[in-house]
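Please arrange chain G on chain E, whose structure you already have, making use of the hints.
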Amino acid sequence: DAGVIQSPRHEVTEMGQEVTLRCKPISGHDYLFWYRQTMMRGLELLIYFNNNVPIDDSGMPEDRFSAKMPNASFSTLKIQPSEPRDSAVYFCASSPQGAGAFFGQGTRLTVV
Amino acid sequence: DAKTTQPTSMDCAEGRAANLPCNHSTISGNEYVYWYRQIHSQGPQYIIHGLKNNETNEMASLIITEDRKSSTLILPHATLRDTAVYYCIVRYSGGSNYKLTFGKGTLLTVNP
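Those sequence lines, one after another, are chains E and G. Residue 38 in the numbering used here is what sits at position 38 of the first sequence, and the numbering runs on without skipping anything. Residue 186 in the numbering used here is what sits at position 74 of the second sequence, and the numbering runs on without skipping anything.
Isolated chain E (complex conformation) (with noise of 0.2 Å):
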């Protein structure tokens, strides 16, 4: 398996631009995660899906932000708009029930 894989690696937007990020998990896990990270706030759980359910998006800054995890092996974060402070380090984790996350490379998003 190739792992977690995140794409884009890198994005650079304007504010008010809408940003995707994608995630691939591996390929039989039950769990997905969404991180955030900065060098203020360190890494910071957004939201999480179970079988493509989400259990728990306490995380979520603001309704600017939102997930869908349409099926096993896909999940989107989507920022609209996108504001300067979203600038981050944005993670993808998979993980099976009762085992370690695996995490993908991330996505290094800029606002400007």
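Listed below are the simulated SDA-like cross-link pairs for lysine to any residue, each with C-alpha atoms no more than 25 Å apart in a straight line: (1) G:Lys-216 x E:Asp-57; (2) G:Lys-216 x E:Asp-56; (3) G:Lys-211 x E:Gly-28; (4) G:Lys-216 x E:Ala-88; (5) G:Lys-164 x E:Pro-96; (6) G:Lys-211 x E:Asp-63; (7) E:Lys-24 x G:Ser-153; (8) G:Lys-216 x G:Ser-153; (9) G:Lys-211 x E:Arg-41.
Just so you know, these hints were derived from the structure itself, not from any lab. No experiment lies behind these values; they were computed from the predicted model shown.
Chain G only, in chain E's frame:
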């Protein structure tokens, strides 16, 4: 999830064992101890996890005290590539609740 306490930073000489402590005095019976690390600019990497017995894999050993209120991650022969932030996480494992929340971790610096 139970809160964990880790030292902010530690140093270790190359080739020596690195022992990273973690306190989790409020851990409950169905919470596991997980360890991850994050090398600069990469996604977090799963290392090991355990419930109450000591665990060992190709990367590290995990020693959990009998009362489960603390644990130690041991890297038997640290190399320069082990320089990273190490996170100790206590994670509930029941039903679909599988939240994985990161703290600030310990920055381990392995010196030549």
